[in-house]
Amino acid sequence: DAKTTQPPSMDCAEGRAANLPCNHSTISGNEYVYWYRQIHSQGPQYIIHGLKNNETNEMASLIITEDRKSSTLILPHATLRDTAVYYCIVRSSNTGNQFYFGTGTSLTVIP
Amino acid sequence: KAGVTQTPRYLIKTRGQQVTLSCSPISGHRSVSWYQQTPGQGLQFLFEYFSETQRNKGNFPGRFSGRQFSNSRSEMNVSTLELGDSALYLCASTFGRGTGNTEAFFGQGTRLTVV
Chain A
1 DAKTTQPPSM DCAEGRAANL PCNHSTISGN EYVYWYRQIH SQGPQYIIHG LKNNETNEMA
61 SLIITEDRKS STLILPHATL RDTAVYYCIV RSSNTGNQFY FGTGTSLTVI P
Chain B
1001 KAGVTQTPRY LIKTRGQQVT LSCSPISGHR SVSWYQQTPG QGLQFLFEYF SETQRNKGNF
1061 PGRFSGRQFS NSRSEMNVST LELGDSALYL CASTFGRGTG NTEAFFGQGT RLTVV
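First to last, the sequence lines map onto chains A and B.
Just so we're aligned, residue 1 is where the first sequence starts under our numbering, counting upward by one.
Just so we're aligned, residue 1001 is where the second sequence starts under our numbering, counting upward by one.
Hints listed in this document are in silico derivations from the structure and should not be mistaken for laboratory results.
Glycine included, C-beta positions come from ideal geometry on N, C-alpha and C.
A hint or two may mislead.
[As the list claims (entries may be wrong)] Below 30 angstroms or equal to it, Euclidean Cα-Cα: the simulated DSBU-like pairs (lysine-lysine) are: (1) A:Lys69 to B:Lys1057; (2) A:Lys3 to B:Lys1057; (3) A:Lys52 to A:Lys69; (4) A:Lys3 to A:Lys52.
[What the hints assert, rightly or not] Chain B regions said to be covered by chain A (calculated; three or more residues, Cβ under 8 angstroms): (5) 1014 to 1026; (6) 1046 to 1057; (7) 1081 to 1087.
[Unchecked claim] A few chain B positions that, by computed beta-carbon distances, are all more than 12 angstroms from chain A: (8) Ala1002; (9) Val1004; (10) Pro1008; (11) Gly1062; (12) Phe1064; (13) Ser1065; (14) Arg1067; (15) Ser1070; (16) Asn1071; (17) Glu1075; (18) Ala1092.
With these hints in hand, go ahead and build the complete structure from the sequences.
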């Protein structure tokens, strides 16, 4: 699976949009981009995933660049409960259901 | 519907003992994967089971083993516990296999402390 690069930490003001970037320049055509988050000592929570089109669900939006080498997770109106570590993962079918978690981005939402 | 259930939530064991952790996946999900999370190594993949067969294995010693039952419930076992095995053990449940387009849902984990 392709490697991802994320900033180690970010801050966001409560009520503002949080934009979390991820670089995956070696992504292959059949690899999906997944986002998970983990609130301290809990299990990772699935947020969203996509292949090449932008995706939106009730939690967030995923914007994937046309060349698919990077993506941005957008939390439209960040709340204090969104404070967590966010993981960007690139996954193919070649590794079954194995997910490679990097170090992620620690997002702090500030009141 | 019910999520992924891991039991027990917390466990304290002594070095040299063995431990068994349990994971019940989401109803209808046939794949269960296990991960170890430590402050130093982050989240690391242990193994994946699908239809009662181990399909994938991470880089862990043979003291770490698992199995899956016909109802898709899974157990993992760690024998001859070491202090370094202290970690949060997470189980992930996935509906199918063979495509990258299936999300995994995680349980709350079992916090194992080895003393």
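Each hint tested on the structure:
At roughly 28 angstroms between alpha-carbon atoms, lysine 69 of chain A and lysine 1057 of chain B fall within 30 angstroms of each other, so this suggested pair holds. Proposed proximity of lysine 3 of chain A and lysine 1057 of chain B is supported: the alpha carbons are some 19 angstroms apart, at most 30 angstroms. For the given pair, lysine 52 of chain A sits about 10 angstroms from lysine 69 of chain A by alpha-carbon distance, which is consistent with the 30 angstroms threshold. A C-alpha spacing of about 17 angstroms is found between lysine 3 of chain A and lysine 52 of chain A, which places the hinted pair at or below 30 angstroms, so the restraint holds.
For the region 1014 to 1026 of chain B, the stated coverage by chain A is not satisfied: 0 residues place a CB nearer than 8 angstroms to a CB of that chain, which falls below the threshold of 3. Counting residues of the region 1046 to 1057 of chain B whose beta carbon lies closer than 8 angstroms to any beta carbon of chain A gives 4, which meets the minimum of three for the stated coverage. For the region 1081 to 1087 of chain B, the stated coverage by chain A is violated: 0 residues have a C-beta nearer than 8 angstroms to a C-beta of that chain, whereas at least 3 were required. Even its closest Cβ contact with chain A, about 14 angstroms, leaves alanine 1002 of chain B beyond 12 angstroms, as expected for a residue assigned away from the interface.
A cut-off of 12 angstroms between C-beta atoms contradicts the statement that valine 1004 of chain B is not in contact with chain A; the least separation is 7 angstroms. The Cβ of proline 1008 of chain B sits about 15 angstroms from the closest Cβ of chain A, beyond the 12 angstroms cut-off, so the non-interface label holds. Against the 12 angstroms criterion, glycine 1062 of chain B stays outside the reach of chain A, whose nearest CB is about 19 angstroms from its own CB. No beta-carbon of chain A comes within 12 angstroms of the beta-carbon of phenylalanine 1064 of chain B; the shortest separation is about 15 angstroms.
In this structure serine 1065 of chain B is separated from chain A by more than 12 angstroms, as the shortest Cβ-Cβ distance comes to about 17 angstroms. Here arginine 1067 of chain B stays apart from chain A, with its beta-carbon at least about 17 angstroms from theirs, past the 12 angstroms limit. Chain A leaves serine 1070 of chain B outside its interface by the beta-carbon criterion, the shortest separation being 19 angstroms against a cut-off of 12 angstroms. At the 12 angstroms boundary, the C-beta of asparagine 1071 of chain B stays outside the reach of chain A, the nearest C-beta of that chain being 18 angstroms off.
Residue-level check passed: glutamate 1075 of chain B sits 17 angstroms from the nearest beta carbon of chain A, beyond 12 angstroms. Not every CB of chain A lies more than 12 angstroms from the CB of alanine 1092 of chain B, the least distance being 7 angstroms, so the non-interface label is violated.
In summary, the numbered hints that this structure violates are 5, 7, 9 and 18.
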